[in-house]
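With the hints as constraints, model all of the structure from the sequences given.
Heads up: the sequence shown begins at 10 in our numbering, then just goes up one per residue.
In short, the hints are calculated from the structure, not lab data.
Keep in mind that a hint or two might mislead.
DSS-like mimics (lysine-lysine), calculated; alpha carbons at most 25 Å apart, straight line [unchecked claim]:
1. Lys193 / Lys217
2. Lys167 / Lys151
3. Lys217 / Lys124
4. Lys216 / Lys193
5. Lys167 / Lys124
6. Lys124 / Lys216
Pairwise CB distance ranges, derived in the manner of DEER restraints [as the list claims (entries may be wrong)]:
7. Ile254 / Ala96: 30 to 36 Å
8. Leu39 / Lys193: 44 to 50 Å
9. Ile127 / Leu39: 42 to 48 Å
10. Leu102 / Lys151: 34 to 40 Å
11. Gly212 / Leu301: 47 to 53 Å
12. Val315 / Asn138: 20 to 26 Å
Yeah, the Cβ is synthetic: ideal placement off N, Cα and C, and Gly gets one too.
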Amino acid sequence: MMKKYVPKPGRREYVTFLLLFAEIILFGILEPNFLTVDNLIRVIQNNAEIAMVSIGMTIVMLLGGIDLSVGSVMGVIAIVIGYMLQAEMNIFLIVAAAIGIGVAVGFLNGFLVAKFNIPDMIVTIATMNIWKAVIFALLGGKWLTGLNPGYGVITRAKIFGIPVLLLFIIAIYALFYYFLMYRKFGRYIYATGCNPQSANLSGINVKKIKLISYCISGGIAAFAAMLYIARMGSVEMTIGSDLPIACIAAVTIGGTGAKGNGKRGSVIGTLAGVLFIAFLKNGIVILGIPSLLENCFIGSLIVLSVLFDAVTGNQKSGKKAKEVTV
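Put into structure tokens, the structure is as follows:
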């Protein structure tokens, strides 16, 4: 019965993949080194955290919400991991602690949003600033360096010339695609995002779905923190500061509406959006464009994506109105 809430890949996702293809061709023409294997691998490695966190952001935005705290959450968890590594604690304990903190923080966000109906933007801005203060308190203006977790091999190893990190990201996206498209929980997310009142009347615990979604977002931020430590081997004060805007851009460019609606969007579109943002950032560096313009480009893309959704949405509404009139 709930299958009607699960959208098929739409024009929006196809547009994103076409833009991605055009971007790759354009940068490849402007700079031949852009299409080298080493550069493509570097792009994947440098954007692993964005790719991971964007999954959680997709789920939250499908519900019509947003999570601006993910960057600070990732930062706090990375610092905790760093101190635990310096103390030479068991790696399984470190992983468990990281995931536990991420889920707990997500639970706090989800509880405030679902239980008290506080706007998600206000909640996550508040918790973002709280965790930024925690980052400063934990680091005290210093860096954590020389970190070498045992699982760090995932960011460097290859299987038949293919980076294990790439295979890992593809596997995570495939897993969440399966759960969102073919499992009951995924259908509940789309149903809740499409119409919370109708979903509630049909027996879906809307508050529980929102709570779990924010927990997932926090848990994924923990995995991103682990990848960051493995990739960088250090933690600095500004960790995660640009992460929320990059993830929101990837999700909106990938086809998930800025207002959710549950009618459109998938992790496949988000993956295309992540790659588009990743190659854009890389192309800016290779072409020698000032890095200060990077956020300008990303912000502009978000606005254009929202405008595209608004225009196409209005056109569809107009067609439906004409059909009703006729």
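### Query
Of the numbered hints stated previously, which ones are contradicted by the structure, given in increasing order?
2, 5, 10
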